[in-house]
Amino acid sequence: MKFVKNFFEKTEPLVQKGAKYHWLFSVHEGFFTLFFVSKDTSKSGTHIHDFIDLKRTMGMVVLALVPVILFGMYNVGFQHFKAIGELQSTGFFALFFYGLLKVLPVIAVSYIVGLGIEFVFAQKRGHGIHEGFLVSGILIPMVMPIETPLWMIGVATAFAVIIGKEVFGGTGMNIWNPALIARAFLFFAYPAQMSGNSVWVALSGSDKVVDAFTGATPMAEAAAGNTNFSIADAFFGFIPGSIGETSTLAILIGAVVLIITGIGSWKIMVSTVAGGAVMGIILNIFAVNAYMELPFWQHLIIGGFAFGAVFMATDPVSGAQTETGKWIYGFLIGLLAILIRVINPAYPEGMMLAILLMNTFVPLIDYYVVQSNIKKRLKRVKTSA
Amino acid sequence: MSDPLFSKKHLKLLTDPLNSSNPITVQVLGICSALAVTAQLKPAVVMALSVMAVLAFANVIISLLRNTIPNRIRIIVQLVVIAALVILVDQVLKAYVYDVSKQLSVFVGLIITNCILMGRLEAFALGNRPWPSFLDGIGNGAGYSVILIIVGFFRELFGSGTLWGFRIIPESWYITHGGFYANNGMMILPPMALIVIGIIIWVQRMRNRKLIEE
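In order, the protein sequences belong to chains W and B. According to the working numbering, the first sequence holds residues 694 to 1078 in order. According to the working numbering, the second sequence holds residues 68 to 281 in order.
I should point out that these hints are in silico values taken from the structure, not numbers from a laboratory. Remember, predicted model here, so these are calculated numbers, not experimental data. Honestly, I wouldn't trust all of these hints.
So the derived label-pair ranges between C-beta atoms look like this [stated by the list, open to error]:
#1 B:Leu261 with W:Ala1039: 18 to 26 Å
#2 B:Leu261 with W:Pro884: 14 to 22 Å
#3 B:Thr243 with W:Ser735: 56 to 64 Å
#4 W:Ala1039 with B:Asp166: 42 to 50 Å
#5 W:Thr907 with B:Gly246: 23 to 31 Å
#6 W:Ile1036 with B:Ala162: 26 to 34 Å
#7 W:Ser735 with B:Gly246: 50 to 58 Å
#8 B:Phe73 with W:Ala1039: 54 to 62 Å
#9 W:Leu942 with B:Pro258: 33 to 41 Å
#10 B:Asp166 with W:Leu727: 56 to 64 Å
#11 W:Glu779 with B:Pro257: 42 to 50 Å
Residues on chain W that point at chain B, a partial pick, calculated with CB under 7 Å [as the list claims (entries may be wrong)]:
#12 Phe881
#13 Ala882
#14 Tyr883
Positions of the beta carbon are idealized from the N, C-alpha and C atoms, including for glycine.
One chain only, chain B, in its complex shape (with noise of 0.2 Å):
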């Protein structure tokens, strides 16, 4: 252990994610899901924390087996233990929570599938110890998270006038309430979400110009 486990450079591992490696508007992975679960806010949040914990301990276990795992069959070991781990999710969300489970229906499953995931193991966990690894989980999962929490509030909040199932816009502004406000239908369709992603990495570009492709 030469790094203590809070050093500067485990810290960046957390914090790079987030803005200029994230894994959604930077690298474009993930795309799909985020699409798909983030009409409301609710849906979204359980997505993108179940995302984190399969991301993180996935990232352990392949880290802690790195040195075992025979090249030429390391994409099988990752699924399977991505898989694994998702069914594992897949049953806590069954037990606790389970209108949410049921609204998020495959795309838990097709967590299997999601490029970060892959892309992570790929990329780190399989040249990096535990810790380290543990944190870049952590690190994408939260870059992950934050866009799908912005995107899915924007949704929520102009396609159906409430965030996590609460009213924000009054009934009484509604058209068919004889006020002047109608919610907006595109929003609930997964192209606009499309539309909003496109908007978070334009603004997010303008504000780090280092991420500009010439």
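Isolated chain W (complex conformation) (with noise of 0.2 Å):
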């Protein structure tokens, strides 16, 4: 480590204010503080810090998303290898080593493109450097297809990171969840690269695919009125979709590693789930046609139902505050996904228009939580008196 802090130290003079490097004083920081415990002291106001600060918060969530990066890898390789036939033959390691090759440059992409506006606006601002962008640059690539073209990837992040976010003043400002508005942002730009049975499976022209591939999602096939889909497969992951979306078990690591550490909260994750088997029951009740009928829990392990309650609705930024207002908010998620998914066959998948929808409501849900509290409290103070 002493080679690195040396580094640094040497380093610092050439970014302050007037020197060579000054527009990197920024960047020099926000690596200082990757190796280093910050030297700046509070200068006014609060003197006691958590010793969370954002960089370890956002570290551990990357951590938490290892299991889901590394089996998303995998299954890419996998839908590859099974769909030209070739399955029996290829091993682990070449599954593996092609679906790591398919999904690094996506995230390459993601974090070049959104990093590279966070430093420009950095500089042009004047403030430092914030790690906001540390999750949602991994959560970009896990929530796309794996066809999707990279120009596409650059352009989705790009309207994400200055259109989500900074313009509403960066970090900890936006209304909205960065990663889905990158999603959703391709989804309406370009819905023939985004949904449909052609953008799941990671294919070249010359590739022959055998005969009983059809490259849907289990969601697209229970949509059309096929349900009988493997439940093993689709709890475990080995089943057609976005990268990081399909192994509900990966997810389900993940969500106890933010559980644990405290930083995922555990009332957004149950409330949304809690919503989405209300709903898949009521939809049981009032079944009319297959899509229905689908047993209200494998709606929790088919689609983005499970990331996007772990990952996606979970964040600290455009989530709930208040206690209360966390589980109304999951658990309004959970309601509309699946609402969304099986009654409007226009939008194959509806968490991800659900947390965005949701996100719009989290001022009003926690205005209304505040206000109901303090009501409360007044009554009390008038009954006591």
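Fit the two chains together into the complex; they arrive one by one in their own frames, and the hints show the way.
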């Protein structure tokens, strides 16, 4: 660590105000705090700080995402070789490396574009580089189909960072989850590359697919009335889908990490699942077609429901802040996600829209929770006086 | 007549609405039509010209009548004048550019409810002579046009790959023809027009810092 410290100390005078590389100041600071505890102390206001700062929080979320990322890479290879009928003759590592080579460029594009824009804004506005994009940058690839062209991912990332975040004042000020903004942008701008049956499995033009191959996700199959997909495959994640959303098991591991470390709110996760289950049961009762008859718990393991509930809805910035608010917020997300998914045939997945919609309502929910608390306490004062 | 026809004061009436008192980006009037008709450049330009014509002549007529209109019914009088002019414009469009007129459909009629018109009549024409009122109408119409044309330019270019109906982005670039490119479907939808206008406002205020409210 000694030489790292020396490097930062040596370069520090070069990035001070008026020095040659002054425009790199926040970059220098950003990387310094990545390795060491910040030397700066508070000059006003609060002087006692939690030891979990933004950087540690974000690092922990990325850590919780590792099982999802690794499985996502493996599944990309798995789906590819399954589609061309060479699954038996290909080893585990061949599958994984195929997926790795497919997924890495997507992650790289997301980080380069997003961090590039963050750096530019940090220099222009003269504030430090915020770590918010560390998580968004990995969440964006995780919610994309593998066949989305890289330039589209770049455009969507730029849109999400500029319109979804920087116009509101940067990290911590955004109303909506930036990763979902990126996905929503692509979903409405380039529907042909974001939905349908040909985007979920990586295939190059020369590949010959086996006869039974359709490329459809279990959700698309279910929407078409064919609801007998394999429950085990859907739970473990051996199904076509966005890179990170397929394996409910890997997502559950991430959820456990988030809950144990206290970074993700278990209230939001539980209430989202509850909301989804309630809507599923309601639809079961009033079922008129095969998709509505799908047992309610099966909704929780297909599509992006689990991923959204664990990693998207729990975003501390765009999610509810009050404890009661978290229950309401999560429950409505689950409810709406399943409702949109089943009732509206134009939107194959409701999770993205449900979370974005509830993000919009978060300030309202929080406001009324706070107001009702104030009223309750005022009443108590009056009765005791 | 105290001022000559094109005095500095009169020219300011023409140039101010283009930047520092732009009806769309600064006064935030007439947004609805700016979102609705700008998916392509051609209807945007036709719409801009129609609004400019209606605004200039309504300003002149109201300015001529300003001393005879009873204060209590002035809104009704203004509406009658605007409605008559809009019907005239609508008939002209139908006669000479029928296809664009069909594309614009109700939005020509809805010029009547465009806030820029009532705003200028109330704020300017009721208190000024006909000639400055005419210039004010042309100026504000031009300010409205500039924004419509900018928005229409970007929306048509990225949403359809064409400009004024002519193909700009070659067919061979498209994924459907073996290329890599695809049209941005968002650009066709009104929400993206709102975002484009938002970005124009952002850029304008970065260049003209006086406009930033504290």
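Kindly indicate which numbered hints from before are broken by the structure, ordering the numbers from low to high.
-> 4 and 6
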